[in-house]
Amino acid sequence: MSFRLLPAVAVLAVFAAALAALFRWSLLEFVPGSLQPGGLTLANFRAVLAPQYVGAIRDTVVLSALTTVLTLVCAYPVAYALARTASRRVRSLILVLTLAPFFTGAIVRTYAWVLVLGNTVVTWPVPMLFTERGVLVGLVHFSMPTMILILAAALSHIDPVYERAAASLGASPAHVFRRVTLPLSMPGIVSGGLIVFAWTLSAFPTPELLGGGKVKMIANVVKDLGLDSFNWPGAAAFALLALALTLALLTLVGRLSSDRAA
Amino acid sequence: MRSRLAVLLLVALLALPMVPPARAQNALVVSVWGGNWKDTVDRVIGKAFTAKTGIPVEYEVGGTIDRLAKARVAKGNPLVDLNFTTTHVARLYISDGLYDKLDMARLPASKEIAKEAFRSDSHIGSWAYVYTVVYRPDLVKEDITKWSDLWKPSLKGKLALPDFDPSHIITIAALMEGGNEVNWQKGEAKLKQLKESVAAFYSTDAQSQDLMKTGQGPVQVMLSVNAYHLQEQGIAVKVVQPTDYPGVVGIDTMAVMAGTKKAEAAHQFINLALSKEIQTELVKALRAGPVNLGATVPASLKGQPGIFSSTAEWKERGYIMNDEARAKNLPGWREWFTANIVKK
Chain H
0 MSFRLLPAVA VLAVFAAALA ALFRWSLLEF VPGSLQPGGL TLANFRAVLA PQYVGAIRDT
60 VVLSALTTVL TLVCAYPVAY ALARTASRRV RSLILVLTLA PFFTGAIVRT YAWVLVLGNT
120 VVTWPVPMLF TERGVLVGLV HFSMPTMILI LAAALSHIDP VYERAAASLG ASPAHVFRRV
180 TLPLSMPGIV SGGLIVFAWT LSAFPTPELL GGGKVKMIAN VVKDLGLDSF NWPGAAAFAL
240 LALALTLALL TLVGRLSSDR AA
Chain Z
0 MRSRLAVLLL VALLALPMVP PARAQNALVV SVWGGNWKDT VDRVIGKAFT AKTGIPVEYE
60 VGGTIDRLAK ARVAKGNPLV DLNFTTTHVA RLYISDGLYD KLDMARLPAS KEIAKEAFRS
120 DSHIGSWAYV YTVVYRPDLV KEDITKWSDL WKPSLKGKLA LPDFDPSHII TIAALMEGGN
180 EVNWQKGEAK LKQLKESVAA FYSTDAQSQD LMKTGQGPVQ VMLSVNAYHL QEQGIAVKVV
240 QPTDYPGVVG IDTMAVMAGT KKAEAAHQFI NLALSKEIQT ELVKALRAGP VNLGATVPAS
300 LKGQPGIFSS TAEWKERGYI MNDEARAKNL PGWREWFTAN IVKK
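Just so you know, the protein sequences line up as chains H and Z, in that order. First residue of the first sequence? That's 0 in numbering that gives the first Met the number 0, and the numbers climb one at a time after it. First residue of the second sequence? That's 0 in numbering that gives the first Met the number 0, and the numbers climb one at a time after it.
There could be a bad hint or two in this list.
Some chain Z residues near chain H, calculated using beta-carbon distances under 8 Å [stated by the list, open to error]:
| # | residue |
| --- | --- |
| 1 | Arg90 |
| 2 | Asp164 |
| 3 | Gly178 |
| 4 | Glu195 |
| 5 | Thr213 |
| 6 | Gln215 |
| 7 | Gly331 |
| 8 | Thr337 |
Each computed EDC-like pair below joins lysine to aspartate or glutamate, with the alpha-carbon atoms no more than 16 Å apart [claimed, not checked]:
| # | chain 1 | residue 1 | chain 2 | residue 2 |
| --- | --- | --- | --- | --- |
| 9 | Z | Lys237 | Z | Asp142 |
| 10 | Z | Lys342 | H | Glu131 |
| 11 | H | Lys213 | Z | Asp65 |
| 12 | H | Lys222 | Z | Asp142 |
| 13 | H | Lys222 | Z | Glu195 |
| 14 | Z | Lys327 | H | Glu131 |
Label-pair restraints from in silico Cβ distances [what the hints assert, rightly or not]:
| # | chain 1 | residue 1 | chain 2 | residue 2 | range |
| --- | --- | --- | --- | --- | --- |
| 15 | H | Trp123 | Z | Glu231 | 30 to 40 Å |
| 16 | Z | Pro55 | H | Phe2 | 44 to 54 Å |
| 17 | H | Gln51 | Z | Thr203 | 44 to 54 Å |
Simulated from the structure, these hints should not be mistaken for lab results. Since we're looking at a predicted model, the values are computed, not measured. No residue lacks a Cβ here, since even glycine has one placed at the ideal position from N, Cα and C.
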């Protein structure tokens, strides 16, 4: 092995050691009222397959998928304007508005949503705070800046000549968008979608604060088990299960998206 | 040569988190929650301790479980000398051999403290509070005077409960049905009737206070200390002294870490913390109940929920759970609570 690879190997070894510790803990028996785990067991994996934990995985996947789709729908027009506007002033304004949330931090942004969704600023026709709807709004808002930047980068690489050519041949603007712009921006849609989907799977502060304890995603359950129930083996088993599922889902989504993009 | 240097730098970088923070050599290191807790412990106990003994005090701050995890990793060679934590979590420290036994001969002030504050031969109470019913009268147009009022249909969608530790409401429901924290299952059906009333669950003190401030959870099973803190901020909340069952007592405790080389100083610190004078200051600063029965309680706090100033008050106005049962049952309680109350 090349000596130059050693730093990378050393860093990866730390990650591997952490994963190995997680795996080891997931196989140890949980003894309530004690920090000392018991012997080897598979009981933790059986325990985390209880309906409430499986429900949290299902809710996480559904919320992640909805977040990805809604973020894409909301971000695309903004990204298009950012990529295509001729005015530097408008571009700067869009960039500032897009990037501003990055600098406020996840917790601050989410607390702001607690006020907005909690009928203190706007009166909503349906309950928003402490519901999946509210969590979804928070997750989409959190994901928008990244999606806008990725899509804008993809759109700026599309030569406008193609769109002009289609229009000159009689295609309507909607037709041009559907048959030219959208397919050519597919690499950005796939990358942005995968990134948003992946990080939403591990979302923590948004469901924690906007879900009011009623909406639990995977990270919230891991925290509940590990930090509130002191069930470190159970938390490790659930985290491993969630990790395996996440990897499987990302592989599947990645493959489907690549096929679509191709 | 350059490669070797790069490897050395990388190893040094990786080892950096393992290096304990620089401490004054003779300092007593106290592990405590951050924010107001640490500030109060330092201002009221730490400064007086240093003035009396000449020993500086340093702090390791963090959440209950972060500090427990750190203590576990440092077992046998503790990074701290003295630990503050809740009484049932202290049971986990004890089960892992992380605490030394207290030497009562070195704690003469303990003769003045309520017997309820002696939690084990390894940990001793520092102050007390209750989890009780707290509400905002401006948002709830009826008087709440007892635990059973929480079940009133008019409070539907207004209640906020702690989900990180549902032991209080589980115990109260069990008491209402003739059980207690050991045979808590007796209260299961009663608890399920509460499900529709819950607007939100909170997992931190900060969330609890935010829910009260914003009116999202105007009726809560809440820590008395937090309720008094809200009152200080000008938020009109009413702290209920329930007439049917008492508030559920919480006791924060102190202990000497096993393997510390400063056991003598740690005992001195605990003894000072238990003294009448310091307990009087702690009551004022934290709005928590003193464990020293001789401590002076300000008139504004006398008789308030969670403030016990006599043996009779400890006995009559607070329900103290069995620490061991609580520590053992908590994971099961949380699982049941999540499946039956939290889950849609």
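Going down the list of hints, with the structure as the test:
1. Arg90: holds (7 Å)
2. Asp164: Since chain H brings a Cβ to about 7 Å from Asp164/Z, closer than 8 Å, the hint holds.
3. Gly178: With a closest approach of 19 Å, the Gly178/Z hint is violated.
4. Glu195: Hint violated; Glu195/Z Cβ to chain H Cβ min 12 Å, cut 8 Å.
5. Thr213: holds (6 Å)
6. Gln215: holds (5 Å)
7. Gly331: Because about 7 Å separates Gly331/Z from the closest Cβ in chain H, which is inside the 8 Å limit, the hint holds.
8. Thr337: holds (5 Å)
9. Lys237/Z x Asp142/Z: Roughly 10 Å separates the two Cα atoms, so the pair holds.
10. Lys342/Z x Glu131/H: Measuring from Cα to Cα gives roughly 12 Å; hence the hint holds.
11. Lys213/H x Asp65/Z: violated (24 Å)
12. Lys222/H x Asp142/Z: violated (37 Å)
13. Lys222/H x Glu195/Z: Judged against 16 Å, a Cα distance of about 25 Å means the pair is violated.
14. Lys327/Z x Glu131/H: violated (33 Å)
15. Trp123/H x Glu231/Z: 30 to 40 Å: Holds - the Cβ-Cβ distance for Trp123/H and Glu231/Z, about 32 Å, lies within 30 to 40 Å.
16. Pro55/Z x Phe2/H: 44 to 54 Å: With a Cβ separation near 47 Å, Pro55/Z and Phe2/H satisfy 44 to 54 Å, so the hint holds.
17. Gln51/H x Thr203/Z: 44 to 54 Å: violated (21 Å)
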